[in-house]
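Student: Using the sequences and the hints given, assemble the complete structure.
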Amino acid sequence: DQQVKQNSPSLSVQEGRISILNCDYTNSMFDYFLWYKKYPAEGPTFLISISSIKDKNEDGRFTVFLNKSAKHLSLHIVPSQPGDSAVYFCAATVGGSNYKLTFGKGTLLTVNP
Amino acid sequence: NAGVTQTPKFQVLKTGQSMTLQCAQDMNHNSMYWYRQDPGMGLRLIYYSASEGTTDKGEVPNGYNVSRLNKREFSLRLESAAPSQTSVYFCASSEGTVREKLFFGSGTQLSVL
Numbered sequence: 643d644q645q646v647k648q649n650s651p652s653l654s655v656q657e658g659r660i661s662i663l664n665c666d667y668t669n670s671m672f673d674y675f676l677w678y679k680k681y682p683a684e685g686p687t688f689l690i691s692i693s694s695i696k697d698k699n700e701d702g703r704f705t706v707f708l709n710k711s712a713k714h715l716s717l718h719i720v721p722s723q724p725g726d727s728a729v730y731f732c733a734a735t736v737g738g739s740n741y742k743l744t745f746g747k748g749t750l751l752t753v754n755p
Numbered sequence: 094n095a096g097v098t099q100t101p102k103f104q105v106l107k108t109g110q111s112m113t114l115q116c117a118q119d120m121n122h123n124s125m126y127w128y129r130q131d132p133g134m135g136l137r138l139i140y141y142s143a144s145e146g147t148t149d150k151g152e153v154p155n156g157y158n159v160s161r162l163n164k165r166e167f168s169l170r171l172e173s174a175a176p177s178q179t180s181v182y183f184c185a186s187s188e189g190t191v192r193e194k195l196f197f198g199s200g201t202q203l204s205v206l
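Chains A and B, in that order, are what the protein sequence lines are.
With positions in the first sequence counted from 1, the corresponding number in my numbering is that position plus 642.
With positions in the second sequence counted from 1, the corresponding number in my numbering is that position plus 93.
Because the hints were derived from the structure by calculation, they are not lab data.
What you are looking at is a predicted structure, and each value in this text was computed from that prediction instead of being measured.
Hints are supplied without guarantee of correctness; some may be wrong.
Some chain B residues judged to face chain A by a derived CB distance under 7 Å, without partners named [said to hold, decoys possible]: (1) F197; (2) S199; (3) G200.
For each residue, glycine too, the CB sits at the ideal point set by N, CA and C.
Tutor: The following block contains the structure:
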């Protein structure tokens with residue numbers, strides 16, 4: 643039973659355009675969401691997070707939107723750069739479960755020059 | 094800045110052999126984690142240590158044991174390796190809970206034949 647779903651295994655965009663990565667979740671108890679980026683042969687690195695009390699969080703070129711009623715969040719990258727090419731993981735945690743993250747399967751983003 | 098260091102980077106075992114994966118962090122973090130990533134899957138938590146002297150099971154603990162040797166080091170032991178344990182293993186650390194960013198090591202690719 644996959645509680646965090648990233649239904650697009652891959653996404654390809656042109657440099658300078660917007661990349662939108664999507665994530666759906668089924669557990670209504672999730673109250674904090676994070677995005678991690680992973681390059682080949684490296685560990686994931688933290689990108690951005692959002693609390694369920696917010697609907698948007700922005701950090702430079704990266705913005706995460708949360709739609710609680712739809713149980714959906716999205717990561718927007720504007721403008722996309724070739725260096726953004728990586729696997730992006732959506733993750734979520736339940737309030738009170740301080741040490742357990744549930745990860746999605748990831749989306750491979752390719753930004754073409 | 095070494096961050097989180099995992100050893101070894103690669104390992105091949107025969108079924109039934111044992112081994113220990115080592116992890117050390119130099120960021121004075123309280124919490125440490127072991128994850129596994131299988132092809133086409135998200136990361137799954139094996140064990141975590143919220144603080145020095147404590148360890149707890151994650152989502153997939155069967156077949157593994159852990160030791161929080163001190164604040165810096167958190168090892169993962171496979172007592173009798175099985176082919177199902179073929180995976181990439183990541184160690185991570187955080188200052189506190191998973192709501193704070195996790196810092197990951199570069200991973201150990203383990204094959205069990």
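Student: Provide an ascending list of the numbers of those earlier hints which the structure does not satisfy.
Tutor: Hints that this structure does not satisfy do not exist here, as all of them hold.
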